[in-house]
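**Student:** Can you build the whole structure from these sequences, using the hints too?
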Amino acid sequence: MSARARIARPPDLVVPVLLLWALGSPPAWSDEPANDVREGLALYISQQCWQCHGYEGQGGVAGVRLAPTRLPYEAFARLVRFTNLMPAYSPKVLGDEQLRLIYAYVRSIPEPPALEEIPELDFD
Amino acid sequence: MKPDKQPHSAPSDREEPARVNRREFVSSAVAAGLAAAGAGAAGTASARQAAGDAQAPGALPPTAAQEAMESEIPDGYTAGQAREYFVSNPGSDFMLDVIRRLGLEYIATNPGSSFRGLQESIVNYGGNQAPELLTCVHEEQAVAMAHGYYKVNGKPMGVLCHGTVGLQHAAMAVYNAWCDRAPMMLLAGNHLDAAERRAGVEWSHSAQDCVRVIRDYIKWDDMPVSLQHYAESMARGLKIAMTPPAGPVAVVLDGHLQEAEAGEQDLGPIAVSLNRPPAGDEAAVAEAARMLLEAESPVIVADLMARDQEGVERLVALAEALQAPVVNQFGRMNFPNTHYLSQGATAVAQADVVLGLELFDVWGVINTVRDRVHRDSVRKARPDARVISIGSNDLFTKSNYQNFQRFYPSDLSIAGDAQATLPLLTEAVLSGMSPARRAGNSAREARLREAHSLARGQALDDARYGWNAIPVSTARLYAELWQVAKDRDWALVSDDGAQSRWARRLWPIDRHYRYIGRSGGAGLGYGAPAAVGAALAHRPEGRFAINVQKDGDMMYTPGAFWTAAYHGIPLLTVTHNNQGYHQEYMHLQRMAARRQRGIESSWRVGNELRNPDIDLAGIARATGVWAEGPVLDPADLGPALARAAEVVDGGEPAFVDVRCQPR
Ligand SMILES: Cc1ncc(C[n+]2csc(CCOP(=O)(O)OP(=O)(O)O)c2C)c(N)n1
Ligand SMILES: [Mg+2]
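Residue numbers (this note's numbering), protein chains in the order written: chain A, 1 to 124; chain B, 125 to 787.
Since the hints were derived computationally from the structure, they do not count as laboratory data. Since the structure is predicted, the reported quantities are computational estimates derived from the model, not experimental observations. A few of these clues could be false.
[Claimed, not checked] Among chain B residues calculated to face chain A with C-beta under 8 Å, some are:
no.	residue
1	Leu584
2	Asp586
3	Arg588
4	Gly590
5	Trp591
6	Ala593
7	Ser597
8	Thr598
9	Trp606
10	Tyr709
11	Gln713
12	Arg721
13	Gly722
14	Gln785
[Stated by the list, open to error] Mimicking SDA-like on lysine to any residue, the simulated pairs with C-alpha atoms at most 20 Å apart in a straight line are:
no.	chain 1	residue 1	chain 2	residue 2
15	B	Lys522	B	Asp485
16	B	Lys610	A	Asp124
17	A	Lys92	B	Arg721
18	B	Lys610	A	Pro119
Every residue, glycine too, gets a C-beta built ideally from N, C-alpha and C.
**Tutor:** Rendered as structure tokens:
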């Protein structure tokens, strides 16, 4: 087990998130996340953003990388409502306030390690 | 290892020059067989058997008593009694002689009484060598093994299915093979003569037309009514199966023909006789070369193209001559992704001429249908882009199943096998190239080298995201796997489509055998058995076969792992276990979003493979395979893979269950 997996998380964060989350852990924030980030994570899970964008917004064939996002909220929101390939989320299923919280979560996802710090990605 | 069986002393009439003594093994013909016909290097029998492992699934040579019984009336029996009880020259021995002459090295099977005669011939008369039976626990598994095996070494396998029920089980895997142009010889037991059928099950397992259940997606079939008829149909079937577009064929083995006395049979005219693949028309090839040379930005797109390394090299030659980007759709490993001309699919958007090589879907290269309420078509290519298509699709097709995709009116269509046509096209391109066009090549090269290296950098950068995520990111899965692959002669025997194509993006796929392509018909239950079949084909070459296994796909045919353990087939399986039918989650979400209902609480229904969680490692272990997992934390993955790789190095299958991000 890595050190990360052993880190005890505050129960109020772990319990609701793990209930929603298939099996795994939230991102390794360095600081205690704000409330809107926690709620945003719960919504990111329940609204199924993870399905195509990955739990940490890393993206893949089914959806582009979301995190870290350079988009301002308005642009982010517009892309969720008026999409090209992604299913459009109407305000009826995902309110503006909820989307704002999801945005807060996406913004909070920490930068991954630099390439130089990952020997497994050294293909030369 | 089983000693070569001595030729039987045969009655003199069998020694006439025009007749071939069917008791003589046609070993030289077998060895020459397919290899001579260009189907690739001959393999060897199971390493285990060669090592004389007593537990190996082989069979003993016939004893002297058995041999005597075959040719003489046993002591104490009258001739009439002997005829009543014994058969000295069963038809299925001759059937086996034909199979041997055609060079089939393996027959994947799940046993059934409708071919008990042939099974006995294979294990006793043939000593279970060339062909060797591969014991499968489901017919779908047997067919998918043959599918994977062919894609690695270009050799067709036999698949022996029980009448009716066996073919019914085989059907979906046959459909995958058909869509993926994988040839194989399907052999089905059946008992045609109703007056002879044993009561009960033999009736349930016989049909007037047992191949009907798969006829829409095989190239040809026959139900021979004599052994000579059978022999010719086998040779014909093999030829048809291997002719591009290649695909499965079926021959019905009548129970009576198998079990009754063969009488005198002639093996003489039976031989491997394959067609050379058809090359495209010369004038049309010249026109294609002109179009490509006049183009500003020609782009080559290849899908079910390269049969072997030769095909890859031919495409490299054409691409380099033109300095044109190649988009490999990876239906086959067509082009090294390490080559600077290997480019992403978006290259098509810039093309003024697109050259399609054995495309599964020509229309889909140029256009797309949007998954919206109104499924409108959108052109992806430039409006003025012209399309040249070279392929064997139209040389053989059927109407019911719609795998032929939407119609696209190519500007120049060349019916022919693309791999066979490439040398002519490259020659026409080189000889027609003006000095000005040639002079422009170095600028193209520089531009494309730059684009290739940018894409490579982008892939490595993208792989960082979610690096420490729990469950494991699909990029990390492949990066960790690379640590065990890189110092071995590796071959990926699964498709990485569901793992965000990380093998294609990260691994240097530089040879044909490194990558196997997809299932063809997207029928699930393909992954594990196709990987086992492919690993079997890699075994004589000592290659390290790797199967990235989706959890849902695995649950259809997990018995394939038992076959790998039983036959000592080295294969590293690592799961992409996202605990569900993830593809279908996404579809459900799309429907719910479109209907503005959302699926906050209902998304799992019908899609999750949790509660109870499936212990995939437990399943593998129960089939006799070394297994670990589930691995949840990416930090645990590397060591688990290293342990598994050692098991595989020892010649056995190994399995690591890894809980992963969905895509
Ligand atoms: C025989 C068959 N049944 C159903 C499907 C529909 N289907 C397509 S993808 C998919 C999910 C497969 O799950 P898994 O193999 O675990 O891959 P995942 O999408 O989860 O990565 C299903 C059920 C199919 N393609 N074939
Ligand atoms: Mg799955």
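**Student:** With chain A as the partner, please determine if Trp591(B) meets the hint condition of a C-beta pair closer than 8 Å.
**Tutor:** At about 5 Å, which falls below the 8 Å cut-off, the nearest Cβ of chain A leaves the hint on Trp591(B) intact, so it holds.
**Student:** Hold the hint about Leu584(B) up to the distance rule: shortest CB distance to chain A must be less than 8 Å.
**Tutor:** holds, 5 Å
**Student:** Against chain A, with CB atoms and a cut of 8 Å, does the hint on Ser597(B) hold up?
**Tutor:** Ser597(B) check passes; min Cβ-Cβ to chain A is 6 Å, inside 8 Å.
**Student:** Hint check: is the beta carbon of Arg721(B) less than 8 Å from a beta carbon of chain A?
**Tutor:** holds, 7 Å
**Student:** Would the hint on Tyr709(B) be counted as holding, given a Cβ-Cβ threshold of 8 Å to chain A?
**Tutor:** holds, 5 Å
**Student:** Taking the closest Cβ pair, is Gly590(B) under 8 Å from chain A?
**Tutor:** holds, 3 Å
**Student:** Is the hint on Asp586(B) kept, meaning its closest Cβ partner in chain A is under 8 Å away?
**Tutor:** Given a least distance of 7 Å, the restraint on Asp586(B) holds.
**Student:** When the nearest CB of chain A is found for Ala593(B), is that gap smaller than 8 Å?
**Tutor:** Holds, because the Cβ-Cβ distance from Ala593(B) to chain A comes to roughly 5 Å (cut-off 8 Å).
**Student:** May I ask you to test the interface hint for Gln785(B) with respect to chain A, counting a Cβ-Cβ separation under 8 Å as satisfied?
**Tutor:** For Gln785(B), the interface hint holds, since the closest Cβ of chain A sits about 5 Å away, which is under 8 Å.
**Student:** Any CB of chain A closer than 8 Å to the CB of Arg588(B)?
**Tutor:** holds, 4 Å
**Student:** Would you mind confirming whether the straight-line C-alpha gap from Lys610(B) to Asp124(A) stays at or under 20 Å?
**Tutor:** holds, 11 Å
**Student:** Between Lys92(A) and Arg721(B), does the CA-CA distance stay at or below 20 Å?
**Tutor:** Holds - the C-alpha atoms of Arg721(B) and Lys92(A) are around 8 Å apart, at most 20 Å.
Figure legend: structure checked against the earlier numbered hints; every hint is met.
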